[in-house]
Each structure stands twice: as structure tokens, then as C-alpha cells.
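2 protein chains.
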Amino acid sequence: MKARVTVTLRQGVLDPQGQAIKHALGTLGFDGVNGVRQGKLIELDLDDTSESEAEQKVTAMCEQLLANTVIESYSIEMVA
Amino acid sequence: MKARVTVTLRQGVLDPQGQAIKHALGTLGFDGVNGVRQGKLIELDLDDTSESEAEQKVTAMCEQLLANTVIESYSIEMVA
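Chains Z and V, in that order, are what the protein sequence lines are.
Position 20 (the first sequence) corresponds to 20 in the UniProt record's numbering; numbering is contiguous.
Position 36 (the second sequence) corresponds to 36 in the UniProt record's numbering; numbering is contiguous.
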């Protein structure tokens, strides 16, 4: 079973990486870009065959390691 | 119009960040993790109202800046 975890900065948290990308896009001539936010994508390959069990495990992983829940939020998507 | 770009390392390209996460998960007691790959998620907020036009623009951004196409592949998802 595979899981896709996306970790993004919470709204209101400053995102210097995103701002750097926005600035670089402007330099390259891409206009009309109002905002850029950068996050992380983590793909996990798990042994579990039960979706609910795997999801529970991945939630625990996010809380303990993958996301800093003070400034980041995460979403989990199970892939067959 | 918003676009979500996911940039992931191509298969076969070594992913030390993913390996570090896998190792850390093992240390925390999470077993049954066969593999971890880490990628990037970039959310763009664009002026364009036409989806096809925006997608074309985002593709150009990926080729020129957002992804290193030698070692990374990208996928674009338009969000209303």
C-alpha cells in the first residue's frame, strides 16, 4: 500500500522559499503570478494491506516526524 | 486560477532525504516501511482565467525553473 503525504505551511506563516520562486519567475518574464507557496511531498511504500490501519500509522508518522504541526499542516492520500 | 505542481525525483535517482526519513521512521518504531521518496509541492496563484493558457504557462515554468528535468519529473494539476 502506498501513501502520499503533502505537507504545507499553514496560512499566515512566512514562506521565503515560495517568495524566492515568485521573484525568480518574475525575473524570467512570467508575469501574473500572485503568489507561490512551497510544500513537501512524501511518498511512502508500506507493508500494510488494510487501508484504515495504514492511514492511522501514517497519521502518527506525520504527527511525530513528517510535519511540524505548529507551522505546517498535512494531508494524507492513500494510493492502492 | 491556481495550479499545483508536484516535482519528484525520477526513478533510479538516489534520494538521500527519503532514505533519511525512512531511517528516522525505523528509529521511532514504525516498521513495515519499504521505501520513502521525497518531492516538492509548489502551489501557484495565477492571474490567468483560461485553464489551457495557464497550464501552458506553468509547463514553461517547470521546464525553465521549477524542475530539473534531468533528474526530476513534474506533474501539473489545475485547481479552479
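FYI, nobody ran anything at the bench for these hints, they're computed from the structure.
Some hints could be false.
Unchecked claim - Ranges between beta-carbon positions, derived for each pair:
#	chain 1	residue 1	chain 2	residue 2	range
1	Z	Asn68	V	Val70	19 to 25 Å
2	V	Ser73	Z	Gly35	20 to 26 Å
3	V	Gln56	Z	Ser52	36 to 42 Å
4	V	Glu63	Z	Gln56	27 to 33 Å
5	V	Arg10	Z	Gln64	27 to 33 Å
6	V	Gln56	Z	Leu65	35 to 41 Å
7	V	Leu14	Z	Asp47	20 to 26 Å
8	V	Ile71	Z	Gly26	33 to 39 Å
Built from N, CA and C at the ideal position, the CB exists for glycine as well.
Hints, verified against the model:
1. Z/Asn68 / V/Val70: 19 to 25 Å: 31 Å Cβ-Cβ, so the 19 to 25 Å window is violated.
2. V/Ser73 / Z/Gly35: 20 to 26 Å: 24 Å, holds
3. V/Gln56 / Z/Ser52: 36 to 42 Å: With a Cβ separation near 41 Å, V/Gln56 and Z/Ser52 satisfy 36 to 42 Å, so the hint holds.
4. V/Glu63 / Z/Gln56: 27 to 33 Å: With Cβ atoms ~39 Å apart, the hint is violated.
5. V/Arg10 / Z/Gln64: 27 to 33 Å: 29 Å, holds
6. V/Gln56 / Z/Leu65: 35 to 41 Å: 38 Å, holds
7. V/Leu14 / Z/Asp47: 20 to 26 Å: 23 Å, holds
8. V/Ile71 / Z/Gly26: 33 to 39 Å: 26 Å, violated
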